[in-house]
Each structure stands twice: as C-alpha cells, then as structure tokens.
Amino acid sequence: MTAYIIRRLFATLPVMAVVALFVFFLLRLAPGDPAAIIAGDDATTEAIEAVRMKLGLDRPLVEQFVVWVWALLQGDLGVSIFSNLPVTRLMAQRVEPTIALTLSTLVVAVSLAIPIGVVAAWKARKLVDRVVMGFAVLGFAMPVFVLAYVLIYFFAVQWQLLPVQGYQPMSAGLWPFVESLILPSVALGVTYMALIARITRASMLEVLQQDYIRTANAKGLATDRVLLLHALKNASVPIVTVIGIGIALLISGVVITETVFNIPGLGRLTVDAVLKRDYPIVQGLILVFAGVKVVVNLIIDISYAFLDPRIRY
Amino acid sequence: MGVSAILEVRDLHTQFNTLDGVVRAVDGVSFDVARGETLGIVGESGCGKSVTALSILRLIPPETGRIAQGSIRFEGNELTHLSEQQMKSLRGHRISMIFQEPMTSLNPVLTVGTQIAENVVRHMNVSWAAARDRAREMLDLVRIADARRRLDEYPHQLSGGMRQRVMIAMALSCDPQVLIADEPTTALDVTIQAQILDLMIELKEKTGTAIVLITHDLGVVAETTERVVVMYAGRKVEEAPVEALFENPLHPYTRGLMRAIPRLDVEADAAGTRPRLQEIPGLVPILTQPIVGCAFAARCELATDRCRATLPPFVDAGGGHTVACWEVKL
Numbered sequence: 001m002t003a004y005i006i007r008r009l010f011a012t013l014p015v016m017a018v019v020a021l022f023v024f025f026l027l028r029l030a031p032g033d034p035a036a037i038i039a040g041d042d043a044t045t046e047a048i049e050a051v052r053m054k055l056g057l058d059r060p061l062v063e064q065f066v067v068w069v070w071a072l073l074q075g076d077l078g079v080s081i082f083s084n085l086p087v088t089r090l091m092a093q094r095v096e097p098t099i100a101l102t103l104s105t106l107v108v109a110v111s112l113a114i115p116i117g118v119v120a121a122w123k124a125r126k127l128v129d130r131v132v133m134g135f136a137v138l139g140f141a142m143p144v145f146v147l148a149y150v151l152i153y154f155f156a157v158q159w160q161l162l163p164v165q166g167y168q169p170m171s172a173g174l175w176p177f178v179e180s181l182i183l184p185s186v187a188l189g190v191t192y193m194a195l196i197a198r199i200t201r202a203s204m205l206e207v208l209q210q211d212y213i214r215t216a217n218a219k220g221l222a223t224d225r226v227l228l229l230h231a232l233k234n235a236s237v238p239i240v241t242v243i244g245i246g247i248a249l250l251i252s253g254v255v256i257t258e259t260v261f262n263i264p265g266l267g268r269l270t271v272d273a274v275l276k277r278d279y280p281i282v283q284g285l286i287l288v289f290a291g292v293k294v295v296v297n298l299i300i301d302i303s304y305a306f307l308d309p310r311i312r313y
Numbered sequence: 001m002g003v004s005a006i007l008e009v010r011d012l013h014t015q016f017n018t019l020d021g022v023v024r025a026v027d028g029v030s031f032d033v034a035r036g037e038t039l040g041i042v043g044e045s046g047c048g049k050s051v052t053a054l055s056i057l058r059l060i061p062p063e064t065g066r067i068a069q070g071s072i073r074f075e076g077n078e079l080t081h082l083s084e085q086q087m088k089s090l091r092g093h094r095i096s097m098i099f100q101e102p103m104t105s106l107n108p109v110l111t112v113g114t115q116i117a118e119n120v121v122r123h124m125n126v127s128w129a130a131a132r133d134r135a136r137e138m139l140d141l142v143r144i145a146d147a148r149r150r151l152d153e154y155p156h157q158l159s160g161g162m163r164q165r166v167m168i169a170m171a172l173s174c175d176p177q178v179l180i181a182d183e184p185t186t187a188l189d190v191t192i193q194a195q196i197l198d199l200m201i202e203l204k205e206k207t208g209t210a211i212v213l214i215t216h217d218l219g220v221v222a223e224t225t226e227r228v229v230v231m232y233a234g235r236k237v238e239e240a241p242v243e244a245l246f247e248n249p250l251h252p253y254t255r256g257l258m259r260a261i262p263r264l265d266v267e268a269d270a271a272g273t274r275p276r277l278q279e280i281p282g283l284v285p286i287l288t289q290p291i292v293g294c295a296f297a298a299r300c301e302l303a304t305d306r307c308r309a310t311l312p313p314f315v316d317a318g319g320g321h322t323v324a325c326w327e328v329k330l
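Going line by line, the protein sequences match chains A and B. Using my numbering, the final residue of the first sequence is 313, and nothing's skipped along the way. Using my numbering, the final residue of the second sequence is 330, and nothing's skipped along the way.
No lab work stands behind these hints, which were simulated from the structure alone. If you're wondering where the values come from, they're calculated on a predicted model, not measured in any experiment. Cβ coordinates follow ideal geometry from the N, Cα and C atoms, glycine included. Among the hints, erroneous ones may be present.
Said to hold, decoys possible - A few chain B positions that, by computed beta-carbon distances, are all more than 12 Å from chain A:
(1) Gly21
(2) Pro61
(3) Arg66
(4) Gln69
(5) Arg73
(6) Arg132
(7) Ala145
(8) Ser159
(9) Gln177
(10) Val242
(11) Arg255
(12) Met258
(13) Ile261
(14) Gly282
(15) Val284
(16) Gln289
Unchecked claim - Pairs of lysine-lysine, DSS-like flavour, derived with a Cα cap of 25 Å:
(17) B:Lys88 x A:Lys233
(18) A:Lys123 x B:Lys88
(19) A:Lys233 x A:Lys54
(20) B:Lys88 x B:Lys204
(21) A:Lys126 x A:Lys233
(22) A:Lys123 x A:Lys233
(23) B:Lys88 x A:Lys126
Just chain A, same shape as in the assembly (with noise of 0.2 Å):
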C-alpha cells in the first residue's frame, strides 16, 4: 500500500508537468496583447514596447517558459502584473473563504445526497423515489447562477433571513461565519448532490439485485443495516469516484458562485486575473486547482482499496 502511494505520488509529476506546459502556452497563444492592456487604453506603442520588455514578454516564447518553470520549481508563481505582488501572496489572502466555501459544500452535499439517494433505491419507483429524482433532475439542470439569484432574491431580499453577500471570516464569530456561507453553499452544492444523489441510486439499485442482499434479508437483518452496511459499502466505489469527479464541478461553481455572492476568494481572483490578462495569477491559479484535483483523484484511488477488499495494489 506505502508502495501503491508512493509510485502514485511519482505519477503525479507528469500529469502536473503537461499541465504546466498547457496553461503556460494556452494563454501566450490566445488572442489579446498583454502588453497593451497593461498601458493602457490611450499608450503610445512606444510605452506598449517599454511595458513587453519590462515584463521579458518580448523574448522567445521558450525562454519565457524555462524562466517560469525555473521559478516555479522554487515555489515562486511570479508577480501580477498589475499590483506587483506576488501570485502566492495574493492567493494565501484569498485562499480561506475557497476553502470554507467548498469545503462546506462537500459535506453538505455529500452528507445529504448520499441518504437521498439510497432513500430513492430503498423506495424505487414510488412517490418518495420519484419526487426525489425529479429535483435532482432540476437541481442537475439548473445553472449555478440562476439558482443563486433566486435563492438570493427570497431568502435575503425577500425574506431577509439571510445577508444578500459578502463573506465573513471565522474571526468575526461562528454564526457571521456560517450564515454568510450558506446561501453561496446551497447555490454551488445543488448540482453536486443531485449528481452525487443519482449515483448512489443507481448504483443501490443495482447491488440492491445481488444474491448477497438476499442472503442478508434471509438472515432477518435489519432494513437499516442491510442498506447501509450491506448494499450501500458495495455501491460505494461509483459514488465515491463521482464525488471526486464533482470536484472539477465545484471549482469551476467556485467561481461563479463567489462572483455572484461578491466573496474575495480565488475564484473572484480568477475572474480578476483573467479580465486582465494578468499571467502570473491565472497560471498560477490553474496549477492549484489541478494540483488539487489531482490530490483528490489519489486519495479516492488509494480509498477504493479501503472500500473493497477485492481490490489490491
């Protein structure tokens, strides 16, 4: 297994290489001059020249990339082109609301979806099962920003219940803190459950077939532990796979949703970044994220083995 882990750990490498090489060219190569937005609306293409060589955005495109790489290799993501500070330094001020924001979506989401959906396979084809599968086809469909201004117009226009916007940090107290993430949280976690949810429905159905669940019904067991020990541990290596896979989908819900909600985190940064055509920030914040995903598809592989004894590296 420490083995499994490590040589996992070494195949990352790659996979983070060919994601540095992408971002790195995917930007120089898209349309728009860097340079001129930097100067400014009215520059002369005297001062646009002086800006590209300030920047070294006038030398060869692959001596730009072994200056970035080289850096990057030391922990250093380069300076904004704007503000001048650097990129790691504005993501660590932006990086706690990402985190409490996501972080609260996934056990929300998890925690509720994965019940609902073995409710649904348990009551399959009835009324719970089939009212439960049409909101999470709604929920599937409906883009992440429209639910946000619904829930945004009842629930803190309306109703004021809940603040428009904004996001307070866990030092300003616990319930400031909380309350500020729960709309954001629900609008961004919606489509995740309702994937999460139909998996796991699909998913108990079909082990909810298998002659072991027989067996365990022929040993007088109780419903909750034949659906939850027996049926939903076997189901659970779809389901997990599916909620790593969401988390490409949170990230990108990320931001959205702290757009919509005006929340300072590295998805307001990302939108930022990428109006500018700042470099540093956005290579930088698309490095992160694929680290993260990668992170997360590691630890679901290596939790695979936890789940099925079958399965052994």
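With chain A held as given, fit chain B onto it using these hints.
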C-alpha cells in the same frame, strides 16, 4: 404426519406480475415438514420449487410477486399473517436458508466472521465478542480449518466449497428448526457436492434441524432425503418416502424423470452403444395462462380428455405415497 409436523404448507399460491400477465409460479402446493426430517422438493427448472422456498420465508419481492392464497404454518404460527418485523425475527433464526450460488451469496466487502456473527447478534441477543466466538465454533463445525484466521478473511479468498460451508455455518448459527437449502450443491464440483451433502446430513443428525432440500438432481434426492415432493409447473404431482418413489414411481412425470437419469448398469449391446436416454417430449406449459386439468397432460402419453378437463385429486397409494393422476391404477 400431523402431530410432528413443524412446517405445514397448505394450498400455497404464489404469483408474479409480468409484462405477459400473471405468472402462477406456485399453484396450490401443500406439504408438511416433520421435525428433524429431510424433505426433498424435486422438479425441473421453473417448476416453482425455489419460489416455494422463498414464499415460506416471505422473501418474494413485493414489487413483482405475492402469496395470493394459502397457508404456511410454522410451529403453529400462521406465517402469512405475521408482520414484517415478526418475520424478520424468524428469518435466519427459526428458519434459515442457503442458496445455490455460493460465489455471489456472500457479501464481498464484509469478512466471513462479520457475516456469521451479525446473524448471531441479531437473533441471540449476545455481544459481538460472544457472536464472534460462536462464528468460530460454527466454522469448526463445518470443518473449515484454521477457523480463527478465516474469520477475518473475505469471501473472495475462499473456494466455492468453502463459501458454501460458510453459508451453512451462517444458516445454522442460531440453531434453526428448519433449514431450507435451495440447490445448495448445483454450482459445485461433484466431489465437493458430496462433501457438502454429507456435511449437511451430519449436522442435521447433530442438531435436529429439519432440512428442506430443493434440487433438480434425483441422485442428490436419493442419497440425502427421507421423503420427496415432486413438482411440475407450480403444482405438486407426487409425494412419497424416498425408497417408495424410486422403487415405484407412480406419476407419468416422475417416471419420465427416472427414465432421464443416465445409467451405468445397463449393458451395452454388441456394437458398444447403450440405449439412448429418454427425454420427456414437449415443453413446460406457459404459466401465464391458467392450466385447466392436469398440468402434465400436454406431454403425457397416457393423457385422456378427462386429464385435460379436470384437475386430478391426490390418491393415497399407502405408506404416505400420494399421487395426483387419473390414470394411475392402484
């Protein structure tokens, strides 16, 4: 039987709703199981023997099937009237069951020890530690070597024969009154089959558990059972002590089954060929249509108009041997 019967099945009808209509999988079956006896239920695939077994435990999936009519009395209690909770406390405790497929009947993600012990915890009101001791004891009883280590193994680490031993250990862990074994050896090698059957019979003698052995294999019936119920198309056609059935099969269907057993004691002729096995001509009737008269009439060489029109009643041939056939001359 009467007084000593622990399980009495009377006029059981179990039906399934399918797209083609209502399937009468079990259509008026009655039999008794006496304390400590081994009863064989024999018939070809689809004759309703497994459904009969599942009906006794009320494990027919309610979405598709139901016990439409009839009575199942166990130790004097009418099982068809019990609540689901009451049935649950009976299953795996007073009546337990083992299945055909040892490869798929054990949960792949739980250890063997957990799967046996949970049954004990569920029904015997003991701690997990005590249940684990009981599980180890049961593995010893079904002669699995190194039981203590095996408790922590998963089903995929065991062979098919071992898994069926685990199933037996699990089924017997709460000292049931009745063990229903649905084709317990069909999926196993012939040598393993014999071991498993011997084990079941030995444990039956030891524990006094009655066994209902469901099989399509007349060889298994001859070797292990005391009494036999022959089923055809959801109905019982003949019932007899095992010796009587093999010495003097009365129903044309039972006779057909006997003729379809390969025999080594029949001499080959000069050319070295043995007589061909005789099959029963025709096919099992479609169960979505109600069968008028004798279910076997369409395939029976003795069938008359009366057979096709009226269901034959059971007649007593003496010594507990009964048969439902108009043409049997006693």
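Item to check | Violated hints - listed by number, lowest first | outcome: 2, 19
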